[in-house]
Amino acid sequence: EPEVTQTPSHQVTQMGQEVILRCVPISNHLYFYWYRQILGQKVEFLVSFYNNEISEKSEIFDDQFSVERPDGSNFTLKIRSTKLEDSAMYFCASSRTGGELGIYSPLHFGNGTRLTVT
Amino acid sequence: AQSVTQLDSQVPVFEEAPVELRCNYSSSVSVYLFWYVQYPNQGLQLLLKYLSGSTLVKGINGFEAEFNKSQTSFHLRKPSVHISDTAEYFCAVGGYSTLTFGKGTMLLVSP
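Sequences listed follow chains A and B, in order.
Under the working numbering, the first residue of the first sequence is numbered 1, with each subsequent residue one higher.
Under the working numbering, the first residue of the second sequence is numbered 1, with each subsequent residue one higher.
Next comes chain A alone, as it looks inside the complex (with noise of 0.2 Å):
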């Protein structure tokens, strides 16, 4: 069965560094998304992204955050300078249709990238 797979699995990095998390989402997927999970916390919508730009984000994805499709089959989050507080596990996740329709579109979700910032 196909997967989302994310690289790395484990990432540290030191604060005020740039970090990519990578992501190849399910081939014929169409909607792509980003969430998180903070130790102890829930897991929290970052951002969904659809036809090369973002359709919609939630407030923790400020100026410092980015995504991006660079080829036909990665999907991307750059943090630009990190920061103690982005320590968290970060989750990819794809599904085949979006919007109202994506409901009915389960998303598939990579097994994560924990990020450590030192």
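None of these hints come from the bench; they were simulated from the model.
Where hints are given, some of them may not hold.
Restraint-style ranges between C-beta atoms, simulated for each label pair [claimed, not checked]:
no. : chain 1 : residue 1 : chain 2 : residue 2 : range
1   : B       : Leu-108   : A       : Asn-51    : 24 to 30 Å
2   : B       : Ser-26    : A       : Val-24    : 49 to 55 Å
3   : B       : Thr-72    : A       : Leu-84    : 45 to 51 Å
4   : A       : Ser-27    : B       : Ser-26    : 33 to 39 Å
5   : B       : Gly-62    : A       : Ser-9     : 38 to 44 Å
Chain B regions said to be covered by chain A (calculated; three or more residues, Cβ under 8 Å) [to be verified]:
no. : stretch
6   : 43-50
7   : 81-90
No residue lacks a Cβ here, since even glycine has one placed at the ideal position from N, Cα and C.
With the hints as your guide, set chain B onto chain A.
Below, chain B without anything else, positioned relative to chain A:
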């Protein structure tokens, strides 16, 4: 606005015992409800979903959930758990292109 409350952060049970994981939600729009499971070192996997129709929803691995609109609940149940069900379980409510998750409930099954 939508929110999900999972009242129990951890539920310990013995193998072959029944289990119920509780979930309450609030939503100002159409309600779509989900349960996801996360096994150690893995991603979130969809267990089951409620979109419309029958309020009793059956999912994978013998799990089921019941949508109760009057109590705004979507509790997850399994009549007999296995060791392999040890995992974290997340309830989520769906909105336009996003999911709002609860904090998760860790199900610990022991022999």
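Evaluated hints:
1. B:Leu-108 <-> A:Asn-51: 24 to 30 Å: violated, 43 Å
2. B:Ser-26 <-> A:Val-24: 49 to 55 Å: Given a distance of about 35 Å, which is not inside 49 to 55 Å, the answer is violated.
3. B:Thr-72 <-> A:Leu-84: 45 to 51 Å: Because 36 Å falls outside the window, the suggested range is violated.
4. A:Ser-27 <-> B:Ser-26: 33 to 39 Å: holds, 36 Å
5. B:Gly-62 <-> A:Ser-9: 38 to 44 Å: violated, 30 Å
6. 43-50: holds (count 5)
7. 81-90: violated (count 1)
Against the hints set out earlier in the document, violations occur for numbers 1, 2, 3, 5, 7.
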